[in-house]
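Protein sequences appear in the order of chains A and B. To convert a position in the first sequence, counted from 1, into this note's numbering, add 2. To convert a position in the second sequence, counted from 1, into this note's numbering, add 308.
The set of hints was computed from the structure by calculation and includes no laboratory data. Some clues are possibly wrong.
[What the hints assert, rightly or not] In silico lysine-lysine, BS3-like type, Cα no more than 25 Å apart, as pairs: (1) A/K5 to B/K359; (2) B/K542 to B/K582; (3) A/K79 to B/K323; (4) B/K484 to B/K464; (5) B/K323 to A/K81; (6) B/K427 to B/K582; (7) B/K323 to A/K5; (8) B/K391 to B/K404; (9) B/K542 to B/K530; (10) B/K427 to B/K464.
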Amino acid sequence: MIKRVIFGIFLIISAFIFPWWVSAILAVIGLFYFENLYEVIFVGIIIDSLYGGIIEFFGFDFIFTAMSIILFFIMSKIKQNLLIGNK
Amino acid sequence: MTYLQKNKRNNRHSKINQIIFVIVLIVILFFAGSQVRGVAQFLNGPINIVKSVVYSPFETFFNYLKSKDNLVDQNSALTEENKRLKIELLSLDSLKQENQSIKNILKYSNPERTSVVSKVINSNSFSPYDTLVIDVGENSVTVGDEVFYANVPIGKIFEVYRSSSVVKLYSFNSEKISVKILKPESIFDNAPTADIDPVITNQLSAEAIGISSGGFKISVPKDVLLNINDIITKDDYVIGQIGSIEFDSSNTFQNVYFNFPFRTSDIEFVEIIKSI
Chain A
3 MIKRVIFGIF LIISAFIFPW WVSAILAVIG LFYFENLYEV IFVGIIIDSL YGGIIEFFGF
63 DFIFTAMSII LFFIMSKIKQ NLLIGNK
Chain B
309 MTYLQKNKRN NRHSKINQII FVIVLIVILF FAGSQVRGVA QFLNGPINIV KSVVYSPFET
369 FFNYLKSKDN LVDQNSALTE ENKRLKIELL SLDSLKQENQ SIKNILKYSN PERTSVVSKV
429 INSNSFSPYD TLVIDVGENS VTVGDEVFYA NVPIGKIFEV YRSSSVVKLY SFNSEKISVK
489 ILKPESIFDN APTADIDPVI TNQLSAEAIG ISSGGFKISV PKDVLLNIND IITKDDYVIG
549 QIGSIEFDSS NTFQNVYFNF PFRTSDIEFV EIIKSI
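Go ahead and model the full structure; you've got the sequences and the hints to work with.
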């Protein structure tokens, strides 16, 4: 539990202080390791908020948020099929 | 090997909760997106201040890991470049004086412009787009103000928050700007003759398209003769020099590529010129 909390906080802070791709890699690793890592979606929100909603899709300009939501669901499906243990 | 048993009822509840969470989040972002952005921008400044305080003692440490020979070579290259730039600066000063005296003769006065200097909080290497985050907000700048670095126009203010702003660089993918391609000789020509002004005849108006990471592409007809290092200007400010020219035998156009004359990831301070 402690590991989960620390990783979540570190992931959210990484979106502010590291390049976006570092946060993306950490998010993918975290999704494999932890169950229901909602912090990944917050990382997408932070990246969209910091660097501008420049690209719009039907009036919705939180593109990285949408991608992180899709990644969240895809990873949970992959983990189910691989029967990976959750923490 | 132990295989986990699937608990279908719990999984279904968990999935429904996740979907509800996502739907609520999307609705919040749709209707209150600007407020959410404001909160993230508000937190960004202090977090990056803490980061620079924590990181600055280690910055010099990583330099110790570079080899001594590497540092000596870099030092020599920088010294030579410094000498070359000083010489170029001398000719630039004389051109400025000539420009000012011509303006005085024509009784042309520069329009007054207000500028604001700002620190870059997040450079474009951190961003998935060609954008910067700077530390001035709605009290100092407005959307559309032009941003300069080393007297080179690099972009415009795209979003403004309470204490920070987002700058969209001109090299943003598919962003279009009007530029002029000059022949280098036109810069150093003597006073124009009575009939021909070399500055006007040796420049070509074109549209540059951003290709991200500080790069641009211009498509010009094949019969236009251009050279590597021809200077490119935007609104009379130098924005770059031609880096490469690409010919395609199947096309009637040639593609000209140029970059900003510096790495955009190295920008630490910018100047914002307020729009009139």
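Going through the hints against the structure:
Our distance criterion of 25 Å between C-alpha atoms is met by A/K5 and B/K359, whose separation comes to about 22 Å. With a C-alpha separation of about 17 Å, the suggested pair B/K542 and B/K582 falls inside the 25 Å cut-off, and the hint holds. Annotation: proposed proximity of A/K79 to B/K323 holds, straight-line Cα distance about 11 Å (limit 25 Å). Proximity of B/K484 to B/K464 is assessed by CA-CA distance (about 13 Å); at most 25 Å being required, the pair is judged to hold.
At most 25 Å may separate the alpha-carbon atoms for a hinted pair to count; B/K323 and A/K81 meet this at roughly 14 Å. Simply put, B/K427 and B/K582 have alpha-carbon atoms about 16 Å apart, close enough for the 25 Å limit, and the pair holds. Taken as a hint, the B/K323 and A/K5 pair is honoured in the structure, with Cα atoms around 24 Å apart against an allowance of 25 Å. For a cut-off of 25 Å, the pair hint linking B/K391 to B/K404 stands: about 20 Å separates their Cα positions.
Straight-line distance between C-alpha atoms of B/K542 and B/K530 comes to about 22 Å, which keeps the hinted pair within the 25 Å bound. Taken as a hint, the B/K427 and B/K464 pair is honoured in the structure, with Cα atoms around 15 Å apart against an allowance of 25 Å.
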